[in-house]
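Trainee: Kindly produce the complete structure, drawing on both the sequences and the hints.
There are 2 protein chains.
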Amino acid sequence: MRCFTQSDLNSLDALYRINLINGLSGFKSANLIGTVAADGNENVAIFSSVIHLGSDPPILGFIHRPITAGGNTYENIKQTGFYTINHLSTEIMEEGHHTSANYDRDVSEFEMTNLKSEYLNDFKAPFVAHAPVKIGMKYLEEYVIKPNETILMVGEIISVYIEDTLLESDGFINLSNGNIVAVNGPDGYSLTKLEQRYPLQYPKPK
Amino acid sequence: MRCFTQSDLNSLDALYRINLINGLSGFKSANLIGTVAADGNENVAIFSSVIHLGSDPPILGFIHRPITAGGNTYENIKQTGFYTINHLSTEIMEEGHHTSANYDRDVSEFEMTNLKSEYLNDFKAPFVAHAPVKIGMKYLEEYVIKPNETILMVGEIISVYIEDTLLESDGFINLSNGNIVAVNGPDGYSLTKLEQRYPLQYPKPK
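Keeping their order, the protein sequence lines are chains A and B. Residues 1 to 206 (this note's numbering) make up the first sequence, in order. Residues 1 to 206 (this note's numbering) make up the second sequence, in order.
Treat the hints with care, as some may be off.
No distinction is drawn between identical chains; accordingly, a pair holds when it is met within one copy or between any pair of copies.
Here are the simulated DSS-like pairs of lysine-lysine, each with C-alpha atoms no more than 27 Å apart in a straight line [what the hints assert, rightly or not]:
id, residue 1, residue 2
1, 78, 146
2, 146, 124
3, 193, 78
4, 116, 146
5, 193, 124
6, 193, 138
7, 146, 193
8, 124, 78
9, 138, 78
I should point out that these hints are in silico values taken from the structure, not numbers from a laboratory. Being a predicted model, the structure only gives us computed values, none of them experimental.
Mentor: If you want it as structure tokens, here you go:
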């Protein structure tokens, strides 16, 4: 095995370091977060840091870069209190990746890419058309991670839309059936195949 | 598409709710966290919530269940200050899943499953043999997520071990080459195939 000591890690060049460290957490989720500013200007941006925090109450988190680094997503959520999380499938993968470009603040990624916004059941933030899973979220709170000033944004699930072919009879969402991708490192997108479900969430001791 | 309103979500039965909500974040990482108590008793447990927080400093987070629900992982980390994160491959997938069973506090999952602990370069916590990626972690801090009292544990990467076949020349870790799995919902394990890398982390606007 290749070994990196702390000293090795500290002396890596910047791009190598980003590639390496970004891969160390394992596979990541691929989501487009849709928001709208108080003035009506829409925003959509790709995130690979959405995490499950709990099912009752149903809450999700995601990591936002430091406020000092900018970001319409954070500002729009604070202005309106709502956002959407949309799953990235192969169909919208390349367009989704392009939302990470540094557009000017007043430019909507919905206009600069082929992604289409859609409004469902009067929810106040835009969903992304063609996403196989779409979630309406209400902002709850945030935590600033001190070592690097990233922000854990916490929100409650308000509404859910799922393609029928993904939803199994016991509530399991078969993500592979929607060609939903997993993220590998900073720039890799992987297709998946469900290999195994084990019968119980918390199996009995052997 | 199937739609769930907030009212629908609130009236789901418990297992359906767990399956559904656990799938909504998208694919999750599959990791075994290794720890040892001050008295030398080892522990290893599966987590699907390890997330990348930043590459400089190199820090990772993971979500631990509320302290009131128990958990040797949290206690051992607080006692020793160190832990390991090990990637789950198909080779150790079933054994890894079994670590989520409710063993008694004084029982080591290393003894109750076929997972083997190993100590590398005097690091104070046990790694998991046969894991294709192993990371030595130093505890930094924690944040209690108020809505459900789960805990975001934040640590710094101290050492890294990677199978040679996974590591590409630019530092990218090809997780699929190690048969590393992604987690789908509470109990699904997926195999992956790297589909596409895009040339830049932050692509230029179109």
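Trainee: Hints first: check each against the structure and report whether it holds.
Mentor: Outcome of the hint check:
no., hint, verdict
1, 78 with 146, "both (20 Å within a copy, 19 Å between copies)"
2, 146 with 124, "between (31 Å within a copy, 25 Å between copies)"
3, 193 with 78, "neither (37 Å within a copy, 37 Å between copies)"
4, 116 with 146, "neither (36 Å within a copy, 35 Å between copies)"
5, 193 with 124, "neither (34 Å within a copy, 36 Å between copies)"
6, 193 with 138, "neither (31 Å within a copy, 34 Å between copies)"
7, 146 with 193, "neither (37 Å within a copy, 35 Å between copies)"
8, 124 with 78, "within (13 Å within a copy, 42 Å between copies)"
9, 138 with 78, "within (10 Å within a copy, 33 Å between copies)"
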